[in-house]
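Whenever a hint applies, use it, and build me the whole structure from the sequences.
Residue numbers (our numbering), protein chains in the order written: chain A, 83 to 182; chain B, 91 to 482; chain C, 33 to 222.
A portion of the hints provided could be inaccurate.
[Claimed, not checked] Quick list of in silico lysine-lysine cross-link-like pairs, DSSO-like style, CA-CA up to 27 angstroms:
#, chain 1, residue 1, chain 2, residue 2
1, C, 91, B, 458
2, B, 278, B, 132
3, A, 114, A, 148
4, A, 151, A, 168
5, B, 372, C, 124
6, A, 96, B, 327
7, B, 323, B, 278
8, A, 114, A, 96
9, C, 124, C, 134
10, B, 378, C, 91
11, C, 203, B, 132
12, A, 148, A, 161
13, B, 379, B, 458
14, B, 401, B, 372
15, A, 88, A, 114
16, C, 91, B, 132
17, A, 168, A, 148
18, C, 134, C, 212
19, B, 379, C, 91
20, B, 401, B, 327
21, B, 275, B, 132
22, B, 323, A, 96
23, B, 372, C, 212
24, A, 151, A, 129
In short, the hints are calculated from the structure, not lab data.
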Amino acid sequence: MTDLNKVGPSCTWKDLTEGMMIYEGGTSRQFKTGEWASIKPEYIESKCIHCLLCTPVCPDSAIPVKDMKRCAFDYDHCKGCGICVKACRFGAIVMEGVNK
Amino acid sequence: MARRDRLSGNEAVAEALRQIDPDVMPAFPITPSTEIPQYFSKFCANGQVHTEFIPVESEHSAMSAAIGAESAGARTVSATSSAGMAYMWEELYLASANRLPLVLALVNRALSGPININCDHSDSMGARDAGWIQIYAETNQEAYDNMVMAYRIAEAEGVHLPVMVCQDGFITSHAVQNILLMEDKEVKEFVGEYNPEHSLLDPNGVMSVGPYSITNYYMEARRAQAEALHNAKAVVKAVGEEFGRLTGRSYGWFEEYCMEDAEYAIVLIGSAAGTAKDAVDKLRAEGKKVGLIKIRMFRPFPGAEIAEALKNVKAVGLMDRTESFNDCAGPIGAEVSSALFRARHMCETINYVYGLGGRDVRVEDIEKVFEDLFDAAENGTADYYRYLGVRE
Amino acid sequence: MNNTVEIRWHGRGGQGAKTAALLLADVAFETGKFVQGFPEYGPERMGAPITAYNRISDKEIRVHSNIYEPDYVVVVDESLLEAVDVTAGLRKEGAVVVNTAKSVEEIRPLLRGYEGDVYVIDARTISIEALGRYFPNSPMLAAIVKVSGVMDRETFMTEMRGSYAHKFASKPEVIEGNMKALEMAFDAVN
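Structure representation (structure tokens):
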């Protein structure tokens with residue numbers, strides 16, 4: 083099994099996996115694409131009724147759910163698209179520049 | 091024990107595939123390769139093989155399905171010709187870049203236009219830089235033998251690349267000729283089981299195939315792929331020698347015919363080599379020191395070794411069965427010339443375009459080439475890129 | 033190459049000239065020879081003139097070109113004599129075999145000055161009598177085997193029976209008719 087930890091932006095061609103295959107699942111977790119966002123949504127917990135309308139629309143699975151309750155944003159992976167702001171009916175998610 | 095038989099080149103390849111019994115064959119018919127999937131689907135229908143035959147709706151789909159099947163861990167084969175290969179273009183590069191050891195039986199046919207169904211090498215030569223290993227056959231026997239060897243080469247450690255097994259459309263594909271076949275058991279033992287280290291259907295391993303590679307990785311990825319093609323060179327030789335120990339028919343990167351003391355030589359690929367051997371014999375009987383090199387493996391290209399084999403010749407005819415439309419050289423012309431230069435061997439070279447669209451190649455045509463070479467060695471030539479057998 | 037016999041077939045698409053060439057390669061192979069049997073492919077359809085070739089040799093055959101100076105020529109359809117120069121390159125010591133109801137004297141003037149031997153055979157009559165239908169390739173195959181002498185009659189008949197048994201495995205009733213056509217043709221060519 084190729085050690086994916088060896089594969090990185092400065093590795094040589096000899097360290098790459100054959101055909102650039104990835105021999106693990108869920109490796110996108112390792113890529114903190116959340117840093118792409120310059121503006122982030124903000125979660126106002128007091129207004130949230132945990133209807134969970136926001137979770138399925140997030141393209142980056144950055145709204146975790148535990149015991150049927152939504153949790154705080156996973157800012158490591160939230161790219162700040164603002165879709166969740168539009169989905170929330172209760173004003174529990176706000177973001178600069180995104181109107182309801 | 092070998093079985094004596096008489097088969098056409100297409101029958102021979104289909105027979106080899108029956109003996110190999112690959113897991114999946116997606117294919118779409120196109121002349122002159124149609125008979126290969128046609129015969130093979132009969133083997134499937136009769137239960138003589140366990141292969142899943144996928145009748146796809148295009149060659150684009152055939153190669154896509156082949157890539158999918160091979161990624162899933164299935165030993166896969168397809169067959170095509172000419173425009174069919176052109177329609178696989180995008181996938182050819184994916185198959186090699188994804189390091190998938192699938193095999194394509196290519197029956198060489200001219201690319202349109204003008205539209206034509208007969209033999210030349212414009213299809214496979216067009217795809218010569220697609221990252222595939224390319225092996226060519228002079229006869230139905232070689233087409234069969236090369237198919238038996240193909241998976242051993244493709245699946246070898248350090249290679250894992252697709253192999254194109256080429257033969258000349260109609261000239262060998264549809265001509266019935268004597269052939270020696272191996273026993274089924276011998277073929278199965280020689281080819282062996284396919285157990286890829288990674289595959290999509292492996293329940294114990296998760297994998298992603300064909301991920302996007304940003305600029306920071308792409309060049310390293312290509313370099314790694316080039317290394318695999320380099321590794322194929324030694325493997326092609328080793329497998330050819332092992333095959334020779336088993337059958338008495340040994341294969342290398344190219345065949346040298348009467349080259350020991352040759353002062354004039356031609357370099358060519360495919361069925362015309364047989365015709366050219368008769369021309370060499372005829373001229374040898376007249377005391378002329380002539381010989382030929384028949385390239386079997388064009389990718390990877392054994393340039394240094396060909397240059398070494400040509401080191402004592404005064405003039406060499408480089409024979410391309412394709413027009414490259416670059417106003418200077420065909421593939422064999424360019425690559426052999428380059429190899430000769432690297433070896434600092436400055437013999438006269440004449441690059442011929444011949445046999446396009448099935449134009450017949452006669453013993454007399456090859457004799458004419460040698461006459462030209464005798465003259466060029468004596469007087470030099472400015473006309474280094476020319477046509478053979480064209481009406482002027 | 034002197035011991036190689038080269039045969040060129042002229043027929044029309046659908047008459048079985050290609051099949052006959054492949055069958056000849058088959059039977060010659062069975063007698064231990066090196067063989068080639070191949071058609072020249074073009075855009076042929078039913079009725080279009082087609083050419084097929086045989087090489088039969090005691091040595092391995094390496095040449096892959098068409099045949100320009102055949103030892104023998106077989107003309108499966110006499111209407112081709114007008115459109116095609118069937119004896120082009122045909123060796124004088126060789127022979128041409130034409131499927132026709134006409135005599136040698138009537139056919140020779142149509143052969144553009146060919147000086148070698150000319151044989152005629154009425155494959156239509158033979159085929160209809162033996163098979164009830166017009167399939168000229170079996171009689172023409174027997175005729176060229178007799179004229180060229182590439183194998184003796186007994187060997188040819190034995191090998192052809194085996195070949196037909198394989199080819200007509202699903203309709204064995206036509207085997208006897210084809211064998212009869214071969215025998216009749218062998219007798220008819222002189």
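A quick look at each hint next to the structure:
1. 91/C x 458/B: Holds - the C-alpha atoms of residue 458/B and residue 91/C are around 25 angstroms apart, at most 27 angstroms.
2. 278/B x 132/B: holds (20 angstroms)
3. 114/A x 148/A: This hinted pair holds, its Cα atoms lying about 21 angstroms apart.
4. 151/A x 168/A: Roughly 19 angstroms between the alpha carbons, so the hint for residue 151/A and residue 168/A holds.
5. 372/B x 124/C: Status holds; Cα separation ~23 angstroms.
6. 96/A x 327/B: At roughly 24 angstroms apart (the allowed maximum being 27 angstroms), residue 327/B and residue 96/A satisfy the hint.
7. 323/B x 278/B: Cα-Cα ~23 angstroms, so holds.
8. 114/A x 96/A: Within the cut-off at roughly 25 angstroms; holds.
9. 124/C x 134/C: Holds: residue 124/C and residue 134/C sit about 22 angstroms apart, inside 27 angstroms.
10. 378/B x 91/C: OK: residue 378/B and residue 91/C at ~23 angstroms, within 27 angstroms.
11. 203/C x 132/B: The hint holds at about 19 angstroms.
12. 148/A x 161/A: Between residue 148/A and residue 161/A the Cα gap is close to 21 angstroms, so the pair holds against 27 angstroms.
13. 379/B x 458/B: Holds - the C-alpha atoms of residue 458/B and residue 379/B are around 15 angstroms apart, at most 27 angstroms.
14. 401/B x 372/B: Since the Cα atoms of residue 401/B and residue 372/B sit roughly 23 angstroms apart, the hinted pair holds (cutoff 27 angstroms).
15. 88/A x 114/A: Distance of about 18 angstroms is within 27 angstroms: holds.
16. 91/C x 132/B: Given that 27 angstroms is the threshold and the Cα spacing comes to 34 angstroms, the pair is violated.
17. 168/A x 148/A: Holds. Residue 168/A to residue 148/A sits at ~22 angstroms (cutoff 27 angstroms).
18. 134/C x 212/C: Holds - the C-alpha atoms of residue 212/C and residue 134/C are around 22 angstroms apart, at most 27 angstroms.
19. 379/B x 91/C: holds (24 angstroms)
20. 401/B x 327/B: With a Cα-Cα distance of about 21 angstroms, the restraint between residue 401/B and residue 327/B holds, given a limit of 27 angstroms.
21. 275/B x 132/B: At roughly 21 angstroms apart (the allowed maximum being 27 angstroms), residue 132/B and residue 275/B satisfy the hint.
22. 323/B x 96/A: Holds. Residue 323/B to residue 96/A sits at ~19 angstroms (cutoff 27 angstroms).
23. 372/B x 212/C: Between residue 372/B and residue 212/C the Cα gap is close to 44 angstroms, so the pair fails against 27 angstroms, i.e. violated.
24. 151/A x 129/A: The given pair, whose Cα atoms are some 13 angstroms apart, holds under the 27 angstroms limit.
In this structure, the hints that do not hold are numbers 16 and 23, in rising order.
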